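J.: Sequence:
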Amino acid sequence: MKERITYLFDLDGTLSAVSDEDFARRYFQLVSSSAEGRVVIEKLMAALEIALKALFGDRDSFKSNYDLFMERFVESMGEHDRNWFEEFFNEFYDGEYNKLEELVAPRENVVKVLKDLRQTGKGIIIATNPIFPEKAINKRLEWVGVEKGLSDYVTTMENSHYVKPDVRYYHEILEINGLEARNCVMIGNDMSMDGVCSAAGIEYIDVSSVQSIWKTT
1 MKERITYLFD LDGTLSAVSD EDFARRYFQL VSSSAEGRVV IEKLMAALEI
51 ALKALFGDRD SFKSNYDLFM ERFVESMGEH DRNWFEEFFN EFYDGEYNKL
101 EELVAPRENV VKVLKDLRQT GKGIIIATNP IFPEKAINKR LEWVGVEKGL
151 SDYVTTMENS HYVKPDVRYY HEILEINGLE ARNCVMIGND MSMDGVCSAA
201 GIEYIDVSSV QSIWKTT
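All letters in the sequence shown, in the order written, are residues 1 to 217 by the UniProt record's numbering.
Simulated from the structure, these hints should not be mistaken for lab results. From a predicted model like this one, the values you see are computed outputs, not experimental measurements. We put the CB at the ideal spot given by N, CA and C, even for glycine. Where hints are given, some of them may not hold.
Said to hold, decoys possible - Listed below are the simulated PhoX-like cross-link pairs for lysine-lysine, each with C-alpha atoms no more than 20 Å apart in a straight line: (1) Lys115 / Lys148; (2) Lys112 / Lys148; (3) Lys115 / Lys139; (4) Lys215 / Lys115; (5) Lys122 / Lys112; (6) Lys135 / Lys148; (7) Lys99 / Lys139; (8) Lys122 / Lys148; (9) Lys99 / Lys135; (10) Lys112 / Lys215; (11) Lys63 / Lys53; (12) Lys112 / Lys139; (13) Lys215 / Lys122; (14) Lys43 / Lys53.
Stated by the list, open to error - Using C-beta positions, here's what the derived DEER-type ranges look like: (15) Thr120 / Phe28: 38 to 44 Å; (16) Glu108 / Ser33: 27 to 33 Å; (17) Gln29 / Lys115: 28 to 34 Å; (18) Gln211 / Glu71: 40 to 46 Å.
Could you build the full structure based on these sequences and the hints that come with them?
T.: Take a look at the structure:
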């Protein structure tokens, strides 16, 4: 009996046409405007940079990306507690963050491939770099037309302990979902971030060659 293949899809630059850089630029602009008059903006930007760098640095696997980020962020801000900032970010993701929808255009052909694979019973995992919380990632998936139910698992800050390009990010996906690398295919747009999956034994297909995916089914 043929083993089931699971397909891992990156989000930014793959399911979405927007680049990581363009998205991040607009994201930080909106965070700044939301924080105006509540905290010192320069301090906020510096704290965000420190917290994000912690995710990409030499770290252990005990804390989730979310917990590590919040710990370093609150520590760097030196004012207000974690609950205050969690409320701030929740308000942001419910409000100003939605302005990013106009920037997040789907790659229609890639989204169609995902949906077609799903219809044939294939496993689908959204393997986006987990530097955003679940709420933020789910909204972006909705914006590109990937509704809940079209994937088996989505990597988020809350459920991940590593980030790309750390190969342990891919090992964690395999372990959590009980998958064998030989039965997985990663679709992405960045060889340095997505292509590193090959070090975990996962086949990599660049989004520009997405139609070749049917050879793997």
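J.: Confirm or reject each hint.
T.: The hints, checked one at a time:
With a C-alpha separation of about 12 Å, the suggested pair Lys115 and Lys148 falls inside the 20 Å cut-off, and the hint holds. With a C-alpha separation of about 15 Å, the suggested pair Lys112 and Lys148 falls inside the 20 Å cut-off, and the hint holds. Pair hint Lys115 plus Lys139 holds up; C-alpha atoms about 18 Å apart against a cutoff of 20 Å. The straight-line distance between the Cα atoms of Lys215 and Lys115 is roughly 17 Å, inside the 20 Å bound, and the hint therefore holds.
A threshold of 20 Å between alpha carbons decides the hint, and for Lys122 with Lys112 the separation of about 14 Å falls inside it, so the pair holds. Simply put, Lys135 and Lys148 have alpha-carbon atoms about 12 Å apart, close enough for the 20 Å limit, and the pair holds. About 11 Å separates the Cα atoms of Lys99 and Lys139, which keeps this hinted pair within 20 Å; it holds. For the proposed pair Lys122 and Lys148, the alpha carbon gap of about 15 Å is at most 20 Å, so the pair holds.
The suggested pairing of Lys99 with Lys135 holds, with an alpha-carbon distance near 15 Å, which does not exceed 20 Å. At roughly 16 Å between alpha-carbon atoms, Lys112 and Lys215 fall within 20 Å of each other, so this suggested pair holds. The straight-line distance between the Cα atoms of Lys63 and Lys53 is roughly 15 Å, inside the 20 Å bound, and the hint therefore holds. Distance hint between Lys112 and Lys139 is fulfilled; the C-alpha atoms sit about 18 Å from each other, no more than 20 Å.
For the hint linking Lys215 to Lys122, the alpha-carbon distance of about 14 Å falls within 20 Å, and the restraint holds. Between the alpha carbons of Lys43 and Lys53 the distance comes to roughly 15 Å, so the proposed pair stays at or under 20 Å and holds. Taken as a hint, the range 38 to 44 Å holds for the pair Thr120 and Phe28, whose Cβ atoms sit roughly 40 Å apart. For Glu108 and Ser33, the Cβ-Cβ distance of about 31 Å falls inside the hinted range of 27 to 33 Å, so the restraint holds.
Between Gln29 and Lys115 the Cβ separation comes to about 32 Å, which falls inside the hinted range of 28 to 34 Å. The beta-carbon spacing between Gln211 and Glu71, approximately 43 Å, falls within the hinted interval of 40 to 46 Å.
Figure legend: structure checked against the earlier numbered hints; every hint is met.
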